[in-house]
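The hints should help you fit chain B onto chain A, whose structure is shown.
Read off the chains here:
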Amino acid sequence: MMSRLVILSANSLKGSGPFGAGLVHASRSLHTSSQSRAPVPPLPETGGKVRHGIFPEEIFQLLYPKTGVTGPYMLGTGLITYLLSKELYVINNETLSAICIFSVIIYGVKKFGPSVAAFADKLNEEKLAKAQEVKDLAMSGLTQAIENEKKEQWRVEGRAMLFDAKRNNVAMLLETNYRERLHMVTNEIKRRLDYQIALQHLNRRLEQEHMINWVEKSVIGSITPQQEKESIAKCIADLKMLAKNTQAKATV
Amino acid sequence: MAARRVALKAIDWVAFAERVPPNQRSNFNALKTRSDAISAKLTSLPETPAPIDWSYYRTAVAKPGMVDEFEKKFKGLKIPEPIDTQTSVINAQEAEATKSAMAYIEESKVRIAEYEKELLKFKNMVPFDQMTLEDYYEAFPETKLDKVKYPYWPHKPIADL
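Sequence order for the protein chains is A and B.
Under UniProt numbering, think of the first position of the first sequence as 1, with each following residue one higher.
Under UniProt numbering, think of the first position of the second sequence as 1, with each following residue one higher.
It should be emphasised that the hints constitute simulated quantities derived from the structure, not laboratory data.
Since no wrong hints were added, every one of them can be taken at face value.
In silico EDC-like pairs for lysine to aspartate or glutamate, Cα to Cα no more than 16 Å straight-line:
1. 123(B) x 138(B)
2. 99(B) x 157(A)
3. 150(A) x 116(B)
4. 166(A) x 12(B)
5. 109(B) x 157(A)
6. 156(B) x 146(B)
7. 78(B) x 180(A)
8. 123(B) x 135(B)
9. 150(A) x 107(B)
Next comes chain A alone, as it looks inside the complex:
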């Protein structure tokens, strides 16, 4: 009943965790042998409904069919009157102190109850939020790790391309080498044939020059001194005649 009072006045209480721990803990430790492993349903968010802070709603519902709305109030009034009139409850100094204490308590709870409850809720919320954050981080980390592993597997599948590239390189190198050999053979043959032709040209030129030199030398050598004197005399005579002719022409 006390728990109902506290729960009602602090009616914004949401986290029933700590309370739940105590209650359910106790109930679980009672069933030691025949444990039902069924999951325990979550605790209710609010406590049972009460009227005026202490009287459970069930009494009102119970008496409603027979006595209507005012039934329990009449019952309460009657009981109090009975207790007072028969002096089953004696009014003395304790009564006054009880009235003062209870009024202060009720005033305090009504005034500060909600804010204290909110504060306690905030504390609990923070704890829950931290735990939730840790859990979320863990889950996202795990999913990320799974993603990464799958990606790595996909990457590994591409290894065939590497070896294809290597084989291609090898084939290209071989082909290049082969072509170079072909070219080399052709070029060598061409060079040799061209060398022969050049050699021939050179020989021919040398022969020509030699022949020319020889003919010149022999011709010059064949001019004897006798012939030389005759040719010089003839040249002089020719020149004289030419000079005479030119003079004759000039005077005319």
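Below, chain B without anything else, positioned relative to chain A:
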């Protein structure tokens, strides 16, 4: 001669680049530059050399029979193709790589199974606001207080607070 050309497989460098993990990117770049250099060299060489004009040489060279002899020898010449020593090595490397890749994939699968188990555990956990302390200790066994080893509160060494 033309049969060798077919051996070249078309490589999709873009797709290849996607699959390279970041820590091997420099190796990949080196390979690519090498391959490009080799293929450039290959394309720069014509496939067959220019044919020799035998009739011109026959008329030009005076030595009889020399040109004919050359021609005969040239036509009969068969240039040996270079021997391929590396392809078998590469094939062996590929087989080995396949083996290690399979092993890696197996390990990776084991890891994925572990991760998925943990993920399942997290997913199936009771939500925190409906959890009791007992549920909490079940879900995260490392937080359970050892009341036997440390019977007095706070049930764990002070340094761990």
